[in-house]
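> Below, each chain spelled out in residue letters.
There are 2 protein chains.
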Amino acid sequence: MTRSSFADVDCGVAQAVEQLGDKWTVVILRSAFHGIRRFDEFSEHLGIAAKVLADRLAKLVDAGILYKQKVEDDGRAVEYKLTQKGLDTYPMIIFLNDWAERWLGNSKGPRIEVVERKTGRPIRPVHVLAENGKVLSAYDTFMRNGPSGSEVLNRSQRIVARRRGNDLR
Amino acid sequence: MTRSSFADVDCGVAQAVEQLGDKWTVVILRSAFHGIRRFDEFSEHLGIAAKVLADRLAKLVDAGILYKQKVEDDGRAVEYKLTQKGLDTYPMIIFLNDWAERWLGNSKGPRIEVVERKTGRPIRPVHVLAENGKVLSAYDTFMRNGPSGSEVLNRSQRIVARRRGNDLR
Numbered sequence: 001m002t003r004s005s006f007a008d009v010d011c012g013v014a015q016a017v018e019q020l021g022d023k024w025t026v027v028i029l030r031s032a033f034h035g036i037r038r039f040d041e042f043s044e045h046l047g048i049a050a051k052v053l054a055d056r057l058a059k060l061v062d063a064g065i066l067y068k069q070k071v072e073d074d075g076r077a078v079e080y081k082l083t084q085k086g087l088d089t090y091p092m093i094i095f096l097n098d099w100a101e102r103w104l105g106n107s108k109g110p111r112i113e114v115v116e117r118k119t120g121r122p123i124r125p126v127h128v129l130a131e132n133g134k135v136l137s138a139y140d141t142f143m144r145n146g147p148s149g150s151e152v153l154n155r156s157q158r159i160v161a162r163r164r165g166n167d168l169r
Numbered sequence: 001m002t003r004s005s006f007a008d009v010d011c012g013v014a015q016a017v018e019q020l021g022d023k024w025t026v027v028i029l030r031s032a033f034h035g036i037r038r039f040d041e042f043s044e045h046l047g048i049a050a051k052v053l054a055d056r057l058a059k060l061v062d063a064g065i066l067y068k069q070k071v072e073d074d075g076r077a078v079e080y081k082l083t084q085k086g087l088d089t090y091p092m093i094i095f096l097n098d099w100a101e102r103w104l105g106n107s108k109g110p111r112i113e114v115v116e117r118k119t120g121r122p123i124r125p126v127h128v129l130a131e132n133g134k135v136l137s138a139y140d141t142f143m144r145n146g147p148s149g150s151e152v153l154n155r156s157q158r159i160v161a162r163r164r165g166n167d168l169r
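Just so you know, the sequences run in chain order W and G.
Start counting the first sequence at 1; every next residue gets the next number (my numbering).
Start counting the second sequence at 1; every next residue gets the next number (my numbering).
Just so you know, not all the hints are guaranteed correct.
Pairs count within a copy or across copies, as identical chains cannot be separated in the list.
Each computed DSS-like pair below joins lysine-lysine, with the alpha-carbon atoms no more than 30 Å apart [stated by the list, open to error]:
hint : residue 1 : residue 2
1    : Lys23     : Lys51
2    : Lys134    : Lys81
3    : Lys134    : Lys108
4    : Lys68     : Lys23
5    : Lys70     : Lys108
Keep in mind the hints are simulated off the structure, nothing from the lab.
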């Protein structure tokens with residue numbers, strides 16, 4: 001059985017990628033963080049087919065990540081702006097840029113620098129941090145069920161335990 | 001004109017999503033961070049069609065995000081493990097989980113808790129941080145060209161400047 005939607009999967013990551021896990025969706029968000037707002041602007045910036053752009057923008061509006069706003073004094077113009085839920089995807093955009101510069105970048109250094117407006121100083125790379133602020137790798141952490149529990153985590157733990165059991169034979 | 005690959009786009013986010021911007025790819029990585037390693041285990045954990053799974057695993061190996069390792073004392077068994085480049089996607093997985101719990105979660109609280117192994121204390125949410133550690137929103141930052149420059153950023157800045165110019169008329 002193959003799923004066509006992850007919306008009902010009992011896992012945050014799966015539900016998030018149902019709304020964000022598409023190449024065009026992510027570059028549209030990136031362009032929105034660059035200040036792009038109108039259909040024709042996205043089209044020009046992205047070199048994307050109109051049909052694909054219309055589809056992704058509609059899905060982002062349906063998901064409450066972008067909202068449409070009519071432009072004052074211009075009856076026809078509509079802008080797509082980031083909602084709070086959309087603005088809240090900024091760490092993902094910054095992370096993807098960090099990761100690409102680290103693993104796919106060129107030797108001349110990063111293409112884009114993101115700086116704090118108030119100080120003009122570069123921001124930090126996006127990391128997983130301990131409560132005390134120390135940078136953690138996946139090996140420094142483990143996952144456990146939270147208050148509402150995750151069947152997806154329970155299943156992975158059963159699968160891993162079974163393999164480890166087999167390994168001992 | 002529509003692009004089929006973003007690999008040559010002069011933008012880190014676009015190049016990253018070329019390797020990571022697919023629903024199945026992200027949930028496969030999530031399962032890998034849960035300790036899942038073998039084809040049959042991914043298949044069982046994800047409920048994914050064998051053909052789709054084989055395609056995504058091959059792409060992740062090609063991209064150097066997973067590597068294949070034969071299991072000692074079991075000639076047929078192969079495991080897919082995270083490379084350093086793959087381990088380095090952990091902030092994205094944690095972010096997607098955070099974001100889903102914040103925007104798509106239920107009222108009972110998070111399904112999964114991620115804790116630091118050494119202390120047993122929950123890790124921090126993934127944020128964009130200033131040099132001094134302060135949490136920043138997109139509005140608190142701006143993007144500028146880095147050492148190798150970004151034609152994609154230049155284009156978005158031209159598009160935004162043109163709209164603002166028009167707004168003044």
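> Evaluate each hint against the coordinates.
A quick look at each hint next to the structure:
| no. | hint | verdict |
| --- | --- | --- |
| 1 | Lys23 - Lys51 | both (15 Å within a copy, 21 Å between copies) |
| 2 | Lys134 - Lys81 | between (35 Å within a copy, 25 Å between copies) |
| 3 | Lys134 - Lys108 | both (29 Å within a copy, 29 Å between copies) |
| 4 | Lys68 - Lys23 | both (21 Å within a copy, 26 Å between copies) |
| 5 | Lys70 - Lys108 | neither (42 Å within a copy, 37 Å between copies) |
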